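Join the two chains into one complex using the hints; note that each chain is given alone, in its own frame.
If you're matching them up, the sequences are chains A and B in order. Residues 27 to 126, numbered by the working numbering, are exactly what the first sequence covers, in order. Residues 252 to 489, numbered by the working numbering, are exactly what the second sequence covers, in order.
Just so you know, these hints were derived from the structure itself, not from any lab. Keep in mind that a hint or two might mislead.
In silico BS3-like cross-links for lysine-lysine, where the CA-CA straight-line distance does not exceed 30 Å [what the hints assert, rightly or not]: (1) Lys-323(B) / Lys-53(A); (2) Lys-39(A) / Lys-371(B); (3) Lys-112(A) / Lys-377(B); (4) Lys-260(B) / Lys-39(A); (5) Lys-39(A) / Lys-255(B); (6) Lys-375(B) / Lys-39(A); (7) Lys-112(A) / Lys-375(B); (8) Lys-53(A) / Lys-371(B).
Everything numeric in this text was worked out from a predicted model, so none of it was measured.
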Amino acid sequence: MIQETAVLEVIFKALNNLNDELNDSDKFEVNENTCLFGANAELDSLSLVSVIVDVEGDISDLLGHSISLTDDRAMSQEISPFSNVKSLLDYIVVLAVEGA
Amino acid sequence: MNPKMYQDKVVLITGSRRGVGKAISEHFLVNGATVLGFARQEATIEHPQYHHFMVDVGDPDSVIRGFAALKKVTDSIQIVVNNAAVLTSQYSMIMPPAAAQAMVNVNLMGPFMVSREAAKLMRKRKWGRIINIGSMAASLEPIGDSMYAACKAGLSTLANVMAKEFASMNVTCNTLGINAIESDMLSQLPRDKIEEIISGLPIARFSVSDDILNVIDFYASERSSSITAQTVFLGGVN
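For reference, chain B alone in the conformation it holds in the complex (with noise of 0.2 Å):
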């Protein structure tokens, strides 16, 4: 890879601090962009490039505040990684509504705000890439995770109707559908369930960063310039 593929660049990436998000944010980095992190807590990324933002996704006023603060640092954001997630995994009838709340706020209602945000950058210079990181749930629908599954499918449709109203800024917007990876989101749940869901997956082993790294790296090229309102499925789900 030129390691200086993503020079001119300036990504925003939510949900910075930690598992696929500190990744993306490292792999970016290395390749020579500028990276904002949006994160609720403190940095655990030091480098030149990087720039932490205390910024709570899911609540507006905060992304629009943390926007403000980005707005000093750069005028311009080429691509965004809509990363930032919650997960509560629960029986429907038992789930509590807080925890419900709070998945529609960070994982649906953060990726609006700052797609909607970030596109008013991108539309100055013409060009973006929005990228959801969604997840396998939205399509295999597994028990416990009903809020959590529509959330993420919401999230592809919300990529969709966003291609088209962005399409004309040259920006694109597309979904990322993640299976199981080793984080602290993975860790909440049993393990012995989502061994079984990847043992049924066509390709049959948790996915490892570069298989994420790789569809990103597709979403954000200059010659991905027509794929917009996707989804690709990591592991053969779809």
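Excised from the complex, chain A in its bound form (with noise of 0.2 Å):
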């Protein structure tokens, strides 16, 4: 079973890749309650891709298969799985679950 400690170190390294590429005035605090999308975001939409395609990869390679971030069954969640850090782990860790 993945470790919910697993996939947030996966979400934060890929936001902290992110971070990394960014002008210091546009790096942005890496926490749980990160906004990834939305009006608050920190993130602008094409970065959001930039992370969901490496948190995407880690993941499936963590758990020894493929798992889709972007399917209509994640954009059609009640509260999006982008909302922020920690709703992100939360769905992730759903999909682990039902993938074990």
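If you want it as structure tokens, here you go:
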């Protein structure tokens, strides 16, 4: 079973990688409350895509099978998995449990 | 040409078994690249740096499986040539829907899926070249090629939008609109009609492989980092 800490590490790594590419004035704080999507998002849409691609790849490697964070199910969640880091973490854990 | 000009490059070529795709594959191999070939059937190229994957680019699941397999060979791709295509030339009113759908799947959805997956690998190294093999049909819009021409026109648009999306990753996306070249695909068309079209072009001759490879090299060049969202037609088609 995948550990929440491992998932969180993957998400933080993707966000930190993105931060590394940004100008100092555009860098954002990375924690469980970091907003990923919506009016208060710290990321623009293209940056979010980059983070999703990184997280999908690394989580798939951890699980040993591919997962999709952008399928119809993800997009139809009452609370978007991309609201913030915590919601993304929770959604990935659900996917991992179902796929186990 | 420097025989090692592509020695550090991994190149994915779709439709690598025959015709233009095979010629492009062999060109990259001769120039030192590692070539990953996607095709529906067995390989026709034997080379220590050639890796073949049986993939139907018209099937998104097959493309995903192909990328999973190629990741066991390499974790990077620098250059993609979306070459695989199918052609059924027929008046629209009697075109079999299945043939029209196959053209959409292979000629448009295929490049979309391959570019999509390749870009995920290219972004890690922040360098990439995506080259689509288009057709003069996109511009000349010949009778009988409604769906084929639409797909090839769409291919340029696909590259142009991806060029914007991938620019920050230093990945360029361009299209080469080839004209008639001796191939299995050309043999499906009435020879007299093709010769009539070619005779009306500014450069009134069939293309040869080197015409294509010249533009491929241009798009793939390190020096072409600012060349993106472009379509070059051979033979004076515009």
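message: Hint check: Lys-53(A) vs Lys-371(B), CA-CA at most 30 Å. Holds or violated?
response: holds (23 Å)
task: For the pair supplied as a hint, Lys-112(A) and Lys-375(B), confirm whether the alpha-carbon distance does not exceed 30 Å.
output: holds (25 Å)
task: Take the C-alpha atoms of Lys-260(B) and Lys-39(A), compute the straight-line distance between them, and say whether it is at most 30 Å.
output: With Cα atoms ~27 Å apart, Lys-260(B) and Lys-39(A) stay inside 30 Å; holds.
- prompt: Does the structure keep Lys-39(A) and Lys-255(B) at a Cα separation of 30 Å or less?
  reply: violated (36 Å)
query: Holds or violated: are the alpha carbons of Lys-112(A) and Lys-377(B) at most 30 Å from each other?
result: holds (29 Å)
- request: Decide if the proposed pair is consistent with the structure: Lys-375(B) and Lys-39(A), CA atoms, cutoff 30 Å inclusive.
  value: Holds: Lys-375(B) and Lys-39(A) sit about 14 Å apart, inside 30 Å.
query: If you draw a straight line from the CA of Lys-39(A) to the CA of Lys-371(B), is it 30 Å or shorter?
result: Holds - the C-alpha atoms of Lys-371(B) and Lys-39(A) are around 16 Å apart, at most 30 Å.
- prompt: When you check the alpha-carbon spacing of Lys-323(B) and Lys-53(A), does it fall within 30 Å?
  reply: violated (35 Å)
When held up to the earlier numbered hints, the structure conflicts with 1, 5 and fits the remainder.
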